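K.L.:
Protein chains in written order, with my numbering: chain A, 1 to 255; chain B, 1001 to 1433; chain C, 2001 to 2319; chain D, 3001 to 3299.
It should be emphasised that the hints constitute simulated quantities derived from the structure, not laboratory data.
You may find that some hints are simply not true.
Cut-off 27 Å, straight-line C-alpha distance, at most; resulting in silico cross-link-like pairs (DSS-like, lysine-lysine) [as the list claims (entries may be wrong)]:
id	chain 1	residue 1	chain 2	residue 2
1	A	Lys117	C	Lys2309
2	B	Lys1408	B	Lys1307
3	C	Lys2131	B	Lys1214
4	D	Lys3266	C	Lys2131
5	D	Lys3196	B	Lys1264
6	B	Lys1076	B	Lys1307
7	D	Lys3266	B	Lys1220
8	D	Lys3266	B	Lys1198
9	D	Lys3266	B	Lys1237
10	A	Lys243	A	Lys34
11	B	Lys1239	D	Lys3266
12	D	Lys3196	D	Lys3170
13	C	Lys2309	A	Lys122
14	B	Lys1353	C	Lys2152
15	B	Lys1395	B	Lys1283
16	D	Lys3286	C	Lys2131
17	C	Lys2152	B	Lys1109
18	B	Lys1075	B	Lys1031
19	A	Lys57	D	Lys3286
20	B	Lys1075	B	Lys1264
21	B	Lys1264	B	Lys1395
22	C	Lys2152	B	Lys1153
23	B	Lys1198	C	Lys2131
24	D	Lys3288	A	Lys57
25	B	Lys1205	D	Lys3288
26	D	Lys3266	B	Lys1214
27	B	Lys1133	C	Lys2152
28	B	Lys1419	C	Lys2131
Predicted model, so just to flag it, every value in this text is computed and none were measured.
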Amino acid sequence: MSKQSLLRAENVNKSFGAVVAANNININIDKGEKVSLIGSNGAGKTTFMNMVTGYLKPDTGHIYLKNEEITQLDPRIITQKGISRSFQIPQIFEPMTAWENLLIALGTSQKKHSYFKNARSKENGDFIDEILNRFALNEFAHRQVSELPGGVRKLLDIAMALVRKPDILLLDEPTSGVGAEEKYPLMDTIAKALSGQGLTVIFVEHDMDIVQNYSDRIIAFYQGAVIADGNGNTVLNDSNVKKYVTGKTEVKAKS
Amino acid sequence: MNFFRQCLILISSILISLLTFVGISNADGHKGFKLGVVTFLSGPAAEPFGVPAWNGGKLFIKLLNEGKVPAPYNKKGFGGMKITAIPIDESGGATKQVQEFRNLVQRDKVDAVLGYVSSGDCMAIPSVADELKALTVLYDCGTPRVFEDASYKYVFRTAAHAAMDNIAIAKYLIEKGHDISSIAGINQNYAWGKDSWKDFSVSVKKLSPSSEIKNELFPKIFSGQYGTEISALMNSKAKVVHSSLWGGDLQSFILQAKPRGLFKRTQVVFSAGDHVMPGLGNKYPEGVILGARGQYGMMAPDTELNKWFYKSYMDEYGVFPAQPPYRMVQGLMGLKMAIEKAMEKNGGKKPNKDEIAAAFKGLEFDSPGGLVQMKLGDGHQAIQPHAIGTTVKDKDGNITVTDIVRYKASCVNPPNGIKAVDWINAGFPGADC
Amino acid sequence: MSEKLYNNLLFQSIFLMSFLILVGLLIPNWLVFVITKAIAYGLVGLGIITLMRGGLVSFGQGFVFGIGGYTAGLLGTQAGLTDAMLLLFVSFLFTGLVGLIIAPLLARYRDIFFAMLSLAFSMVLYGILIKIDAIGGSDGFVLPESTYFGIKPSSEYADYVLYVVAIIMTGFISILLRYYYDSTPGLIALAVRENELRVEYLGSSAFNVAVLNFTIAAGLGGMGGALNGIALGHIDPEFTYWTTSGEFVFISILAGYLSVPAVFLAALLLELVRSFSGRYFPDTWQLILGLFLILSIIFIPSGIGSFFKQFFDRLKKSK
Amino acid sequence: MVDEILTIVLDGAIYASWLFIVALGLTFVFGVLKILNIAHGGIYALGAYSTATLVPIFYSLGMPEQLVILAMLVSALAVAIVITPIMERGILRRFYGQDEVLIVLVTYAIYLVLEDVQKLIWGMNSLYVSEPRELLGALEFGSLYYVGYDLALIGLAIFCGLFLWFVLNKTQSGKIVLAVIHNPEISGCMGVNINKVYLAAFFIGAFLAALAGSFTAPLISVQVGISVAVVIESFAVVIIGGLGSIPGAVIGALIIGMARAACVHKLPEAEIFIMYFCMAGMLIFKPKGLFQGAQARKI
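Model the full structure from these sequences, guided by the hints.
P.N.:
The following block contains the structure:
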């Protein structure tokens, strides 16, 4: 694994009034890592994610992408520079079809636009079909997304974030709101779709089994601070993590 | 073939709707004389102007169709043709009126249009009227510019323009010995108000060069709140306050100014002040000098024709007629005379608009307000005698008009070919008083 | 091959335009005039629809309508420019430019705030126009009769010639707009309407979409104002009054944002309802117009355009 | 000089009070229901008509003169009682949750209808009720007379503003309204009957509009068409002060009132333009108005 830093947070602080949401956070993520962020609600993982994507601005500290500072940039610019994200509640264009949603995602990723060329061109269509294929969404392509089941909506949300071919993909609770029996198939599909691209993935997740199975590095948050950072076993067996994040339950070792 | 089917459906639906509309618009037959009447039926100008004018017009048309009008208007309708009137609301601005005018001419195919109270409308309509070759009689609006800045073939105005109102008031103030050492004005911010003030202030300056202009206020039309203006007028301590406000604005101004003592402290003159008297009744202040834009209402001449009209209107509506009905009837009379003159010439056929326009040019006819002469604007613009008076409470406590001074038409109107402003500036050359 | 031709947008539009131009010869003059006016109003409505596709509605299109009208009028009276096509085109460009300048001020706002601020702009313009006596103040002024390539048509045909010009210019503008709506940026605008947050996180700017759409809407509104002024031969500050702006919003809501021809149909419908109720119910035409507005909002909430779309979709399926 | 300043301040205060009463209901309804009610002007006109009808009846019943203010309140109340169920329950409720601009258009349509309804009920004649204005006599300020009634309008404006402020901030139901203003969804979840709050808020707005009409009636000739200018003037106040803000309405009314009074006295040419000028300045330098709470953009 190359040691070239892709995303780096330095001394990042953020508070909302008396609540400290980020307490001197220092994180360095390399290319190709699959990182999961854990912590109870309000621990600061979502705040961190929002600061990385530009929705929130840190009070102090700096965030770098490929050694370029992105701290004060707008979400749109950060997205253009290579960080895409999905959402806990899928942010998709409800009255449109899945195919159209991807068409828009594709459009936003294209640098030059013609104002008089129909967006539904053959080449765009082929590209979208390929993505649909990758996420096993073909059968839903021409259905209105507001009618689709939760897991499919999640997949579509992630697929849209991926269209731009980002360097880093942030997934905000990819399995939340999905039935227990669907979680693993969903994560499998996601993992398969993301594989083989050298993509760096950061995801927020509450299910420790999924965290263990699908990430090679875990960062644990508590009260805005990073309390543990390392590979699965190390972090999950850390006493602070046990106390503040995973609770008393013993975590079974990675098989 | 799906596109052809779509087109077929679209085309047929368009055709059906078009035919329906064409059918509607051509439904009523075309025998008598179709007259479009445009006057305010909604908005703030409706109650004081549009509606009483149309009341007068409606009554007069009814009596004409029944042949109940005294000589020389005793022929039924217009030269025997039954008059069908199509009333149209004048509110909505000049641009909307241009469109309504086109609808009247092109869709309803009226034989003539009688209308327009607002000066803005009178400035906008004539060019369209000539373009469409539509006979148009302007019955009320005041701005002198209509026939001074341009000339039109098919457009006539059967009432004198506003210059007369303000010249006569200036003369009256001097003749009656009022102190005009300083004047102030409150007039609406559009053609009518601005022209009125200019005519009045320049006339006063000509007749009494030492008089001083204190305050010139131009509030927005239909603003309704004059508290601040009244303070400013009273602060200016001008001896005379002039106003051409009309309708609801004039009523509100009077109601707001009276308790604050404006009418007691200053000599107020209203260039068009009579038409709110039927509404205000005894709330109308005493000692106000006012014109009625002609010898109308309380200042009408004592002629048979006037007595007949005054009585007919009073019987029908229970109030006395102020200037609006007089002026509309005056327009109808002019049109009737022109049509009948044209019919005499062409042997009694229904005359076309060119024949009527030719007969209208330079026409003279009697109206309840006195002799109307189409003398200005090469025979397209009327002049008429004028009267100015002062309000007073009679012994029963009712407000009435006294101290009436009458002016010959040629005394307060410029001669043909000279602009009103130029005539005033030159010191009224050739005025025949 | 022929099937493809029939479904080609350009072919369909030219067919429809030629049909309307021919129909113009058969229908009475007043209707030609009413349609011309409806086209003028429809152009402004088309502008609002362009904005609506990006999730915004302007309640102050009287602003651009007035600027367009006064541009054409002042060029006509002050600069002696009377060529109708040139006037329309210049008004389009100039008002578009004005739109581009104020768009960044407005584009930060959404929903009712956008609507109200645009209304406020139109009122400020109204306040300025009634104050400038040199251009007629509240009375407005008369426009010179228009010419076409240096020729002044005789008065019987003046309306028809303008009608033809209006149809051709509007026709081509509509085609271009349809292309824009279906292009990638047009689709992104629709996405902004649905979920602005997501569009930003996909890397596109909702702000830029709003600026672009407002500029287009301004240009179209300006052209509509110019056409209206030229057709009527008169303009006044009423062009910019809030009641005028209200009518434009009504047209676009009645039409919905799905179909371009629906806008012109809605404008024609409004013109006809207004002028016939004014003609047959001069005392209560506002009541009728108001009820017509309320009922059509209740019963056709997604606009005439949705009928069009359903209708054509069904035709396509049945084929 | 001092005299003139006093006059300007007094004239400005009277006009500002009138503007404030007219704009208060508009901004309150916007704050709670997020509806910019163009028909506000129509309700104002109905209030004026209703007073012009009821007050003469009141006199003809031989009631004591001093109680005429009760008759005016009753007439405003009557308008609000009649119009609220029709407008809020009957029409506007169908559109809650839809595009706000669509609702503006609906209120515009209602405004058009109300214009002709006035005509159908009261006909074209103008009505006068100047009697209440004579009740409080006249006062002399410097070289000028002011009518007591006009000065009392200042008091009425202050009373209306304070009363609404008190109800909102110091009473239980007022706090519920504030909660709904803040977040209707959450308040709804917490068991607040949003529909009731909306109905009540609309009622208060309609009552304030009618009240403004009632108390303006003695100043003017009540006739068709008095509403059109009111719409735009109250709108200007609200734009300057910030949509939905009561303190904003105070400041907006004072700015326009004072600026206009100063213009009439010192620079009459600018009078009709000054309102738009204030608004333009506000748009350029503080586009959200002085007291705008709502955020402009979601991100």
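K.L.:
Does the structure keep B/Lys1264 and B/Lys1395 at a Cα separation of 27 Å or less?
P.N.:
OK: B/Lys1264 and B/Lys1395 at ~20 Å, within 27 Å.
K.L.:
Does the alpha-carbon distance linking C/Lys2309 and A/Lys122 stay inside the 27 Å limit?
P.N.:
holds (24 Å)
K.L.:
Taken at face value, is the distance from the CA of C/Lys2152 to the CA of B/Lys1353 at most 27 Å?
P.N.:
holds (24 Å)
K.L.:
B/Lys1076 and B/Lys1307: Cα distance at most 27 Å?
P.N.:
holds (20 Å)
K.L.:
Does B/Lys1031 lie within 27 Å of B/Lys1075 when you go C-alpha to C-alpha?
P.N.:
holds (17 Å)
K.L.:
Given the hinted pair B/Lys1239 and D/Lys3266, is their Cα-Cα distance within 27 Å?
P.N.:
Judged against 27 Å, a Cα distance of about 19 Å means the pair holds.
K.L.:
Holds or violated: B/Lys1408 with B/Lys1307, Cα cutoff 27 Å?
P.N.:
holds (21 Å)
K.L.:
Holds or violated: are the alpha carbons of C/Lys2131 and B/Lys1214 at most 27 Å from each other?
P.N.:
holds (21 Å)
K.L.:
Between the alpha carbons of D/Lys3266 and C/Lys2131, is the straight-line distance 27 Å or under?
P.N.:
holds (17 Å)
K.L.:
For the pair supplied as a hint, B/Lys1198 and C/Lys2131, confirm whether the alpha-carbon distance does not exceed 27 Å.
P.N.:
The given pair, whose Cα atoms are some 17 Å apart, holds under the 27 Å limit.
K.L.:
Are A/Lys57 and D/Lys3286 close enough, with their CA atoms no more than 27 Å apart?
P.N.:
Judged against 27 Å, a Cα distance of about 24 Å means the pair holds.
K.L.:
Regarding the pair C/Lys2152 and B/Lys1109, is the alpha-carbon distance no greater than 27 Å?
P.N.:
This hinted pair holds, its Cα atoms lying about 25 Å apart.
The structure fails to meet hints 5, 20 and 25 from the earlier list, while all remaining hints are met.
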